[in-house]
Amino acid sequence: MAFSIQTHFVPNPDYYSALLWHRLMGKRVLSVGRDASPFLRSYAHCSKGGAGVTLLLINLSNQTSFILEVENSMSQNLLIADGMVSKSGSFIHSLKKTVSWIGSKASVGQLQREEYRLSPENGYLRSQTMVLNGRRLKVSDKGNLPSLDPVLASVDSPIYISPLSIAFIVFPNFDAPACKY
1 MAFSIQTHFV PNPDYYSALL WHRLMGKRVL SVGRDASPFL RSYAHCSKGG
51 AGVTLLLINL SNQTSFILEV ENSMSQNLLI ADGMVSKSGS FIHSLKKTVS
101 WIGSKASVGQ LQREEYRLSP ENGYLRSQTM VLNGRRLKVS DKGNLPSLDP
151 VLASVDSPIY ISPLSIAFIV FPNFDAPACK Y
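The working numbering puts the first residue of the sequence shown at 1, with every later residue one more than the last.
Mixed in with the good hints, there may be bad ones.
[As the list claims (entries may be wrong)] Taking lysine-lysine and the DSS-like style, the derived pairs with C-alpha atoms no more than 25 Å apart in a straight line are:
#1 LYS48 / LYS27
#2 LYS48 / LYS180
#3 LYS180 / LYS27
[To be verified] Distance ranges between label pairs, derived from CB positions:
#4 ASP141 / ARG28: 36 to 46 Å
#5 PRO146 / LEU125: 19 to 29 Å
#6 GLU69 / ARG28: 17 to 27 Å
No lab work stands behind these hints: they were computed from the structure. The beta-carbon is built from N, C-alpha and C at its ideal position, and this holds for glycine as well.
With these hints in hand, go ahead and build the complete structure from the sequences.
Pasting the structure below:
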């Protein structure tokens with residue numbers, strides 16, 4: 001008796017986060033402060049293949065959203081504060097010492113960041129379908145992966161992290177001395 005096995009190459013949901021990690025996160029790791037909620041994980045790396053810094057934020061809470069604010073101070077240091085934490089100090093305290101803006105004070109308001117927000121479809125953690133920036137990720141009929149395009153946001157605008165989601169935030173106009181070697 002003969003039988004055939006049809007193989008469907010449909011990536012598991014975690015494939016997309018691994019693919020974005022591979023595309024965006026460089027090998028150099030930057031220090032990240034740990035004064036935020038235990039439900040919010042944060043990682044910072046030099047961006048892969050170019051200038052800048054990439055943050056990975058993972059919200060493990062199924063109920064709490066987080067709001068992070070990025071500010072450019074007069075000294076042009078990176079300051080990131082967690083809107084959900086009442087502790088003093090910045091969310092990524094040690095990162096602010098190693099990263100600064102590229103560009104003049106006049107051009108800072110025009111700088112943008114790239115956001116890649118992944119979440120399970122309909123917020124269902126066991127969903128086999130991932131959503132990137134509100135768009136369902138689906139392999140084409142020809143087996144091609146969907147494009148993983150970012151949403152652009154002003155570096156001045158808050159970063160919102162929904163429950164049970166992850167976000168890769170790329171700051172292409174940040175100059176981290178640790179990333180120059």
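Enumerated hints in conflict with the structure, sorted upward: none
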